[in-house]
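**Q** Below are the chains, spelled out letter by letter.
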Amino acid sequence: MEGDLAHIGAGLAAIGSGAAAIGVGNVAGNFLSGALRNPSAAAGQTATLFIGIAFAEALGIFAFLVSLLLMFAV
Amino acid sequence: MEGDLAHIGAGLAAIGSGAAAIGVGNVAGNFLSGALRNPSAAAGQTATLFIGIAFAEALGIFAFLVSLLLMFAV
Amino acid sequence: MEGDLAHIGAGLAAIGSGAAAIGVGNVAGNFLSGALRNPSAAAGQTATLFIGIAFAEALGIFAFLVSLLLMFAV
Amino acid sequence: MEGDLAHIGAGLAAIGSGAAAIGVGNVAGNFLSGALRNPSAAAGQTATLFIGIAFAEALGIFAFLVSLLLMFAV
Amino acid sequence: MEGDLAHIGAGLAAIGSGAAAIGVGNVAGNFLSGALRNPSAAAGQTATLFIGIAFAEALGIFAFLVSLLLMFAV
Chain A
1 MEGDLAHIGA GLAAIGSGAA AIGVGNVAGN FLSGALRNPS AAAGQTATLF IGIAFAEALG
61 IFAFLVSLLL MFAV
Chain B
1 MEGDLAHIGA GLAAIGSGAA AIGVGNVAGN FLSGALRNPS AAAGQTATLF IGIAFAEALG
61 IFAFLVSLLL MFAV
Chain C
1 MEGDLAHIGA GLAAIGSGAA AIGVGNVAGN FLSGALRNPS AAAGQTATLF IGIAFAEALG
61 IFAFLVSLLL MFAV
Chain D
1 MEGDLAHIGA GLAAIGSGAA AIGVGNVAGN FLSGALRNPS AAAGQTATLF IGIAFAEALG
61 IFAFLVSLLL MFAV
Chain E
1 MEGDLAHIGA GLAAIGSGAA AIGVGNVAGN FLSGALRNPS AAAGQTATLF IGIAFAEALG
61 IFAFLVSLLL MFAV
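Line by line, the protein sequences give chains A, B, C, D and E.
With the UniProt record's numbering, letter number 65 in the first sequence gets 65, and the count goes up by one each step, no holes.
With the UniProt record's numbering, letter number 43 in the second sequence gets 43, and the count goes up by one each step, no holes.
With the UniProt record's numbering, letter number 28 in the third sequence gets 28, and the count goes up by one each step, no holes.
With the UniProt record's numbering, letter number 74 in the fourth sequence gets 74, and the count goes up by one each step, no holes.
With the UniProt record's numbering, letter number 70 in the fifth sequence gets 70, and the count goes up by one each step, no holes.
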C-alpha cells in the first residue's frame, strides 16, 4: 500500500465541486422556468442570474481549489 | 503510506463548502422564480436576496476555512 | 502516517456546517418566493425570516464550533 | 493489500462528476418544463440554457479532472 | 487481506454513475410532465430533450470510465 493520504482528501474535495453544480443548476433552472413563463421580464433579471450563479460557482471552485492544493501544494 | 490524516479532513470539509452552494442556489433560484412572475416587486426584495445569500455563503466559507486550517494551520 | 484522528472528525463536522446552509437557503428562498407573490405582506414577515435563518444558521455554527474544538481544544 | 491510495481518491472524485449531473438535469429539466408550457418563447432562452448547462457541467468536469489527475499525474 | 485498493475506488466511482441517473431522470421526467400537458408542442422540443440527456449522461459516463480505468488500466 502506497500513496499519500492527501490523495484521498483530494478526491473527497472533488465531491464538493460536483455538489455545487446542484446549486448552480437550481439558479439557472429557476431562471429558465420563470423566463419561459414571462419572457418579457427575462432580460431585466439576467444580472441577478449571473450573481446567483457566481456565488454558487465560487463555493464549488473553492472545493476544486482545496482539491488542487491537496494534490500539488500540501 | 504517507501523509497527514488532517488532509483527509480537509477534503471532507470541502464537501461542506459545495453543499452550501445548494443553499445559495435555493435562495437565488427562488428569487429569480418570483422576480420573473412579478418583476415590479423584484427591486424591493434585492436586499433580502443578498441577506439570504450572505447567510448561506457564510456557512460554506466556514467549511472552506476549516479546510484551509486543516491543510496549513493544524 | 501521522496526524490525529480528530482531524478527520473536524472535516466531517464541516460537512454539517455546509448542510445547514441548505436549510438557510430553504428559509430565505421560500420567503423570497412568497414576498414576490405578495409584496405588501413581506415587510410584516421580515422578523419571521430572521428567526428562521437564525435557528438554521445556529445549527451550522454548532457544527463549525465542533470542527474548531476538534482542531484546537481536543 | 496493494495499490495506491490515490485510486480511492479517484473513485471519490467520480462521485462529484456524477453529482454535477443532477445540476445539469435541473437546468435542462426546467427548460423543457417551461418550453412545453410556452413553446413560442423557447427559442429566445436557448442561450441561457447553454450558459446554465455550461456552468454546472464545468464543476462536474473539474471533478472528472481531479479523478484523472489522481490516476495518472500524481 | 488481499486485493487492490483501486477496487474500492472503482466501487466508489460507480456511485457517481448512479447519481448522474438522477440528473437524467430530472430531464426526461420534466419533458414527460410538460409533453403530457401540451402534447402538440412535444415534437418541437425533442432535440432539447436529447441535448439535456446527453450532457447529464456524459457526466455519468465519465464516472463509469473512471471505474473501468481503475479496474483495468491503473
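Simulated from the structure, these hints should not be mistaken for lab results.
Built from N, CA and C at the ideal position, the CB exists for glycine as well.
Warning: the hint list may mix true and false statements.
[Unchecked claim] Only part of the chain D face toward chain E is listed, based on derived beta-carbon distances under 10 Å:
#1 Ile8
#2 Ala19
#3 Ala35
#4 Arg37
#5 Thr48
#6 Ile53
#7 Phe72
[To be verified] One-sided and incomplete, this derived list gives chain B residues near chain C with beta-carbon spacing under 8 Å:
#8 Ala13
#9 Ala43
#10 Gln45
#11 Ser67
#12 Leu69
**Q** Any CB of chain C closer than 8 Å to the CB of Ser67 of chain B?
**A** 7 Å, holds
**Q** Against chain E, run the beta carbon of Ala19 of chain D and see if the smallest gap drops under 10 Å.
**A** Ala19 of chain D check passes; min Cβ-Cβ to chain E is 5 Å, inside 10 Å.
**Q** Is the shortest C-beta separation between Ile53 of chain D and chain E less than 10 Å?
**A** 5 Å, holds
**Q** Would the hint on Ile8 of chain D stand, with a C-beta cut-off of 10 Å toward chain E?
**A** 5 Å, holds
**Q** Identify whether the interface hint at Phe72 of chain D stands, where standing means a beta carbon of chain E within less than 10 Å of its own.
**A** Interface hint status for Phe72 of chain D: holds (8 Å vs cutoff 10 Å).
**Q** Hint validation: Leu69 of chain B versus chain C, beta carbon distance must be below 8 Å. Holds or violated?
**A** 6 Å, holds
**Q** Would the hint on Ala35 of chain D be counted as holding, given a Cβ-Cβ threshold of 10 Å to chain E?
**A** At 5 Å from the nearest chain E Cβ, Ala35 of chain D passes the 10 Å test, so the hint holds.
**Q** Under the criterion of a CB-CB separation shorter than 8 Å, is Ala13 of chain B in contact with chain C as hinted?
**A** 4 Å, holds
**Q** Any CB of chain C closer than 8 Å to the CB of Gln45 of chain B?
**A** 5 Å, holds
**Q** Measuring from the C-beta of Arg37 of chain D to each C-beta in chain E, is the shortest one below 10 Å?
**A** 6 Å, holds
**Q** Any CB of chain C closer than 8 Å to the CB of Ala43 of chain B?
**A** Violated, because the Cβ-Cβ distance from Ala43 of chain B to chain C comes to roughly 10 Å (cut-off 8 Å).
**Q** Should the hint that Thr48 of chain D touches chain E count as held when the rule is a Cβ pair under 10 Å?
**A** 12 Å, violated
Checked against the numbered hints given earlier, the structure breaks hints 5, 9 and satisfies all the rest.
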